[in-house]
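Enquirer: Place chain W on chain E using the hints.
Listed here are the chains, written in short residue letters.
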Amino acid sequence: SQTIHQWPATLVQPVGSPLSLECTVEGTSNPNLYWYRQAAGRGLQLLFYSVGIGQISSEVPQNLSASRPQDRQFILSSKKLLLSDSGFYLCAWGRGNTIYFGEGSWLTVV
Amino acid sequence: SQQGEEDPQALSIQEGENATMNCSYKTSINNLQWYRQNSGRGLVHLILIRSNEREKHSGRLRVTLDTSKKSSSLLITASRAADTASYFCATDAGGGSNYKLTFGKGTLLTVNP
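In the order they appear, the protein sequences are chains E and W.
Every letter in the first sequence is one number past the one before it in my numbering, and letter 109, counting from 1, is 109.
Every letter in the second sequence is one number past the one before it in my numbering, and letter 48, counting from 1, is 1048.
Isolated chain E (complex conformation) (with noise of 0.2 Å):
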């Protein structure tokens, strides 16, 4: 069966600091990987979706970026937080009509 993991569950970081959060997929291959963002009491928002390695397709303007260095990993970065970068961000994966989500990381920038 398939898994997603995602990586580190918290974290809280200063205005400028940099941020990496990692999400693997398990048992499956060549899926779409996707990084949404989830503001306090508001939907999701897409940020990146990927449909293989090296191809990110971003959705809004914004001060993150995400890479795919491998087929079943999906990286989203910034070189310098905002106060406004702070959120609850799901890595997912997904083949077809159905999207699979990981746990989730919280994100507070101070």
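FYI, nobody ran anything at the bench for these hints, they're computed from the structure.
Careful, some of the hints might be misleading.
[Claimed, not checked] Listed below are the simulated SDA-like cross-link pairs for lysine to any residue, each with C-alpha atoms no more than 20 Å apart in a straight line:
1. K1056/W x N97/E
2. K1100/W x F88/E
3. K1100/W x E59/E
4. K1100/W x Q62/E
5. K1100/W x T10/E
6. K1070/W x N97/E
7. K1100/W x P18/E
8. K1105/W x Q45/E
9. K1100/W x G96/E
10. K1105/W x L46/E
11. K1100/W x N32/E
[Stated by the list, open to error] Chain E side only, calculated, beta carbon under 7 Å to chain W, not exhaustive:
12. S20
13. R42
14. L44
15. L90
16. N97
17. I99
18. F101
19. G102
20. E103
21. G104
None of these values were measured; they are calculated from a predicted model.
C-beta: ideal position from N, C-alpha, C; glycine also.
Expert: Just chain W now, kept in the frame of chain E:
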């Protein structure tokens, strides 16, 4: 921009009652899905209904889709305290790009024991 909008934003019921949540969307879709999110956790896929389907059942869940009104409803029958969660509808972008899902803001369901 968000494609789906759930209604109501919050719903509080007693255990054993039925819960109905609605979702409206704006553009054509290939399918519509419902997800559930427990507080502070990832989303879990519940059910998918295709644009050519009008109703679908899965256990205590019943989903309807009215493409003419661009709306869907999720009914949870005989609710339990464990059903307390946020429920989101998600739509694909239509036109074959169904690898992207757009989510609404969700309905927070509280089932009181």
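Enquirer: Decide, hint by hint, whether the structure agrees.
Expert: Each hint, compared with the structure:
Taken as a hint, the K1056/W and N97/E pair is honoured in the structure, with Cα atoms around 16 Å apart against an allowance of 20 Å. At roughly 19 Å between alpha-carbon atoms, K1100/W and F88/E fall within 20 Å of each other, so this suggested pair holds. For the proposed pair K1100/W and E59/E, the alpha carbon gap of about 10 Å is at most 20 Å, so the pair holds. For the hint linking K1100/W to Q62/E, the alpha-carbon distance of about 19 Å falls within 20 Å, and the restraint holds.
Note on K1100/W and T10/E: the hinted pairing is violated, with a Cα-Cα distance of about 26 Å set against a maximum of 20 Å. Distance check on the hinted pair: K1070/W and N97/E sit about 19 Å apart at the alpha-carbon level, within 20 Å; holds. Straight-line distance between C-alpha atoms of K1100/W and P18/E comes to about 28 Å, which puts the hinted pair past the 20 Å bound. In summary, the hint linking K1105/W to Q45/E is supported, as the alpha carbons are separated by about 10 Å, within the 20 Å threshold.
Straight-line distance between C-alpha atoms of K1100/W and G96/E comes to about 10 Å, which keeps the hinted pair within the 20 Å bound. A hinted pair counts as satisfied when its Cα atoms are at most 20 Å apart, and K1105/W with L46/E qualifies at roughly 13 Å. Taking the CA atoms of K1100/W and N32/E, the gap is about 9 Å. The hint holds against a cut of 20 Å. Interface hint status for S20/E: violated, as the beta-carbon distance to the closest one in chain W is roughly 19 Å, over 7 Å.
At its closest, the beta carbon of R42/E sits 6 Å from a beta carbon of chain W; the interface hint therefore holds under the 7 Å criterion. The restraint placing L44/E at the interface with chain W holds, with a minimum CB-CB distance near 4 Å, inside the 7 Å limit. Among the interface hints, the one on L90/E holds; its C-beta lies about 6 Å from the nearest C-beta in chain W, closer than the 7 Å criterion. Residue-level restraint check for N97/E holds (minimum Cβ-Cβ distance to chain W is 5 Å; threshold 7 Å).
With a least beta-carbon distance of about 6 Å to chain W, the hint placing I99/E at the interface is held under the 7 Å criterion. Taking 7 Å as the C-beta cut-off, the interface hint given for F101/E holds, the closest approach to chain W being about 4 Å. Satisfaction of the interface hint for G102/E is found here, the shortest Cβ-Cβ separation to chain W being roughly 5 Å, below the 7 Å cut-off. A distance limit of 7 Å between C-beta atoms decides the matter here; for E103/E the minimum to chain W is near 5 Å, and the interface restraint holds.
Of the supplied interface hints, the one on G104/E holds, with its beta-carbon coming within about 5 Å of a beta-carbon of chain W, less than 7 Å.
Hint compliance for this structure: hints 5, 7, 12 are broken, all remaining hints hold.
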